[in-house]
Every structure is written in C-alpha cells, then in structure tokens.
Amino acid sequence: MNRSRHGTLMGLYDRDYAYEGQGRPGFGNPFTNGGSLPSGMSGMSGWSINTWIIVINVAVFFVGILLAGFMRTPQGQPVHILTEWGHFSTYSALIQKQVWRFITFQFLHAGFLHILFNMLGLYWFGPQVEKHLGSRRYLAFYLLCGCAGACLYLLLNVAGQMVGRPMPFLLVNNPKTPLIGASAGVFGVLFALAYLRPNQTITLLLMLIIPVTMKIRTLAYGLAALALVTVYMAAPGSNAGGEAGHLGGAMLGALLIRYPKTLNWALWIPLDRLKRRGHHAFGQFHGSVYQRPDSAGTRHVENRRYGSKGDSGSSSGRRGGGGYFAGFGRSSPDSAANEAEIDRILSKIATQGLHSLTDKERKTLKKATDDKRRE
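If you want my numbering, it's the 1-based position in the sequence shown plus 390.
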C-alpha cells in the first residue's frame, strides 16, 4: 500500500508569510489559497486546485465506503469496487495495459488514517507550491509526481520478479499487489516546498504528544531517508512498495520544481471547463472561475488570493467590503489603466505562477500594494 505511516504533522505555518516572502499563505481565502477547506458550495468556482484535489480524494473515499456497504461477496465480505477498478499494480499496468491506473490509484486510500495524513500533507504543503507554479502547472506537477511513484514501484517490482530472490532495493512481492494512495504526489509537493522554502519551520506532534520543530528541508530529507532504508531492506510485511512510490514522487518533484518551464505545456489544460464540471458534480454553478461581468458589462479578472473587484467579507489580503485592490485608482483614466494592469498581472499569477512575472510587473504590483497600504 502506498501509505504514509509517519508521525502526525501539525502546524506547518509557524511564521507569517505574504507576497514575496511576508505573510501567511494558505490561510487567506479558503477557496483560492488551498490552505483552508471550504465551508460551503457557493465559492466552488474559485477553489484552488489544491483544494479540489483534497475534496475529490475525500469524496472518493466516502463513496467507496458507501459502495462497500451495499456490495458484498457471497461470504458477506465487503467489495471495495473503486479499489478494484482503480488500484495500480505491476500486473494491471504491464499485462492488462490499463494505463488509467497511473492516475486513479492516486485518489484511493486504505483507511481513515491513510487519507488523513495524505490530505493534511496537501493542506499544509500544497498552497505555496501551487502559488509558485500556477494552478495548471501545479495540477500537472502533482499528477506526474504520483505517476513517477507508480513507475518506480513498477521498475523495482519487475526487477525483483526477474531476479527471483530478495535483494536490496528490489521488490519481490506479488505483481498483483495493489498500490494505492496520494502520498507519491504529496512527497513531490513536500520536496518542491523544501526547495522553495528550505528554512521554513514546521512543528510536528510525534505520537500526538511530543512537539518537535524542524525545517521543511529536514523533514523532507528525513522522510526520504526513512523511505530509502525501508526499500533497501524490503523486509516482509514492511511498506517497501509504498515507500518506493514515495521516493519516485519525491525525486520527480525535486526535479520539476527546479525546471518549472518543463510544465508549460500544462498551460493549455482547460482548467475553467474542468472546474465548472466539478462544480456541477458537487452543487450549483455560480459563474466562471476567473471572470465575471460587473454591472457595467465589463469583465474583471478575479484572483481571490489577493482580492478583486466584487469580493466581500474579510480574509487575509482583503480589506473592507471589497477585495484588496477593490476601488484601486477609480478616479481617473490613468488609475483605470492601472487597475486593468493590476488585473492582468493577478490573472497571470493565477495561471502561470509568481515566478512568471517580469521585473516590471513585480514592481507594478509592489507599488500598488504599497499605495493601498498607505490609504
């Protein structure tokens, strides 16, 4: 099983973080930052990809439980039909050529603690990585890391079957052994964050009692070392197959985050359409993800992470009844042009990530932020 069996992780964001290094990501708008889970369906169209991944995983988990309650063998045992259809194994990949399992296994979990730890990992580690890469590239990044975990497991299992006897780093388990879980993707996200913010600290509660504070980089390398030792020993009854998946996800994540332009093909993903379909699947649809018309019929780019025209309520990065930039420079044609430029930059951040900004765009956004703070 591809399952995370480590100590409970608590309280990732121990210090403030904001745009370009100050403030607290993931604890602003719960729908766009991905750091907080949504409390209703009215803002589904603005959820981050990280939030969607968490919600889909949880939904699949509970649907699987419901189906298992209705479907049983003649002996009365529950039939986990989603796991049967979606798990990954060497046999299903090579012999049956069921390539969809490279994706579907990432959304299946063996039990409550399995999904809890994986989703907590995404909840804590995902927002900053998504903010850096942009939504489309983050989606591709996450799924590719999961696929990399399956590929490394497949490689080591095939090698183990060819050798036919236990050896370090070879998996000699049955080729039909199922591999499930999101942790390969989560490890990729963790190693990406370890590269982006290696010195950011996290407090773990080991055994839910003992608080231990360490750097993100230390956590990532420590978990990788544990996985490496487990795969090396490949002891009977161990989670060597799952740890192989962790290592595969971690390695690809560490590589892709250093070369994010290799994910530029993902900018063509029809994310708006996918989100709309997801919205229909969970509840009523309230509008486009990135755009909505105002009363004058013009369209303004929305980026709820920083606030935008028409946002209401209060959250990190937003002030008053509107978004952080709501009402910014509306008294003259020049200020209207500035507002349009800010909207364009925020849209670019939402789709391509912070690192895609030019120096000029960064200065423009910083100036707008400083001006707003002085008001």
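The reader is advised that the hints may include incorrect statements.
[To be verified] The calculated lysine-lysine pairs, modelled on DSS-like cross-linking and capped at a C-alpha distance of 25 Å, are:
1. K651 with K566
2. K566 with K487
3. K756 with K738
4. K605 with K487
5. K750 with K651
6. K738 with K753
7. K750 with K738
8. K738 with K757
Hints are computed from structural coordinates only; laboratory data are not their basis.
Hints versus structure:
no.: 1; hint: K651 with K566; in the structure: violated, 36 Å
no.: 2; hint: K566 with K487; in the structure: holds, 13 Å
no.: 3; hint: K756 with K738; in the structure: holds, 15 Å
no.: 4; hint: K605 with K487; in the structure: violated, 41 Å
no.: 5; hint: K750 with K651; in the structure: holds, 20 Å
no.: 6; hint: K738 with K753; in the structure: holds, 15 Å
no.: 7; hint: K750 with K738; in the structure: holds, 13 Å
no.: 8; hint: K738 with K757; in the structure: holds, 17 Å
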